[in-house]
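Produce the complete structure using the sequences and hints provided.
Residue numbers (mature numbering (1 follows the signal peptide of the UniProt record, and there is no 0)): -26 to -1, 1 to 482.
Note that these hints are calculated values from the structure, not bench results. Treat the hints with care, as some may be off.
[Said to hold, decoys possible] Mimicking BS3-like on lysine-lysine, the simulated pairs with C-alpha atoms at most 30 Å apart in a straight line are:
#, residue 1, residue 2
1, Lys267, Lys329
2, Lys465, Lys137
3, Lys317, Lys34
4, Lys105, Lys266
5, Lys475, Lys317
6, Lys336, Lys228
7, Lys367, Lys5
8, Lys305, Lys317
9, Lys465, Lys336
10, Lys252, Lys266
11, Lys318, Lys305
12, Lys403, Lys367
13, Lys6, Lys317
14, Lys105, Lys267
15, Lys6, Lys105
16, Lys267, Lys115
17, Lys217, Lys475
18, Lys34, Lys367
19, Lys466, Lys137
20, Lys252, Lys228
21, Lys217, Lys305
22, Lys137, Lys403
23, Lys358, Lys329
24, Lys466, Lys105
25, Lys66, Lys305
26, Lys115, Lys255
27, Lys34, Lys465
28, Lys329, Lys318
29, Lys34, Lys403
30, Lys317, Lys336
31, Lys252, Lys166
32, Lys252, Lys34
33, Lys137, Lys358
34, Lys115, Lys317
35, Lys166, Lys217
36, Lys266, Lys228
37, Lys466, Lys403
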Amino acid sequence: MALHILLTWLALSLPLFLLLLLSVKNSNNKKKNLPPGPPSLPIIGNFHQLGHLPHQSLWKLSRQYGPVMLIRLGGAPTIVISSPEAAREVLKTHDLNCCSRPRLVGTGRLSYDSLDVAFVEYGNYWREVRKLCVLELFSTKRVQSFRYVREEEVGSMIESIAKSAESGSLVNISEKFMALTANVTCRIAFGKAFQGTDFEDARFMDMVHEGMAMLGSFSASDFFPRFGWIVDRFMGLHSRLEKSFHDLDILYEKVIEEHRNANKSNKEEEDIVDSLLKMEKDQTELAGVRLKKDNIKAILMDIFLGGVDTGAVVMDWTMAELVRNPRVMRKAREEIRSCVGNKKLVVEDDLSKLKYLRLVLKEVLRLHPPGALLLPRETIGHFKLFGYDVDPKSRVHVNVWGMGRDPSLWECPEEFVPERFEDNPIDYKGIHFELLPFGAGRRGCPGMWMAMVVVEMALANVLHSFDWELPEGMIEGDVSMEEGAGIAVFKKVPLTLLPVKASHATDA
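Printed below as a string of structure tokens:
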């Protein structure tokens, strides 16, 4: 009888208790000046409003609620930034409070346990890793030292395209660019390309694509830690993540052991793995932590998955915009051929002369930034943003895709007009907050220089060596510009073109 009374009392009091908690929470929130945002649903928050392409959905919402917008993704309060002024506040003024990364339970499995601290809270470890990348792995001197790799791989791509031109065959230019960046990245990081080596394996590019897909995938565990794992297991995401990590781990293990057993007498032949192993041997410490194999693997993971996709995506969108805009294509091609003359290939010394090509790339990065939403940050302390309260453990997304299409910033923002950057100081290097394809501040991309020199070299050569035509029956307006969702926003329909060897091209 007593048990029955107790259960009855609990059943009646539980709803009242929940209402009390809710009222206390609402009371606390009313005391704070939270950013505006769309109403959220219980449990799921605003997930139902994201759609297949979150950067586009969030841009539409920000047009209604403002450049500093609060949404809720499951249990994660998320601030969406959609203006240069707000981006400056987050990435510069309050960079210290916004420089952490959220702990990702699901997709975070594509990492190594020893690096968890780098994604949890602000500390010295990730700063030391970034310093290592900027000063050692991606320094100007290091980027220049791999010039021969870029020129050889671009030359190989041009030869491959030339064979298609001779036979009158169409070229999947999207695949060519992906293979190029994969080869360059592997040679710089691992010392060898995947084609024609032990890496020649039908599964190799599948591993690349799967790793990128997993990093860009939605994991319920990341937003609903208590029960999201059930959804991930039901959808098969958990097993895919584990398998992807396992396959890549085997690759890195093999590469590291090959380098340990190699005997390189020429320092110029050293790649990034060699440099990292030397640091391990010298007992280099990062914030008091000895550099070990797992740290090396984690750095390779970032270089490999971050380096392969980004450059290929930028080149793909560039060629798509050029074939849709013949005037711009002609102007860029004429500049390149005028500067380079009858040389067989454009070399890196020629790139500084190609002013219009750089305007084209700025316009592409405005319209098609590879990271449409910069990788999420997580706040570590309370601060005010334009008078709004931002609490610790809030996620922050900067919608660079939206800012690139803001009519208050750009005239005719949907049009592809590289000339808008003539006599315009705005650049993509993280100083001007209107254009942030590589981010800014402490979390800015350290591999930007390495990526962009490959992009410039490849595009200059494909425009120098070939004229490009659309497949028979297609016109400029038929080129699909539909976006695919991922960690880098890619062109959903691969670009297929007909290369025609330029009349000036010789073996000189």
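ask   = Of the numbered hints stated previously, which ones are contradicted by the structure, given in increasing order?
value = Violated: hints 1, 3, 6, 13, 15, 17, 21, 22, 23, 24, 25, 32, 33.
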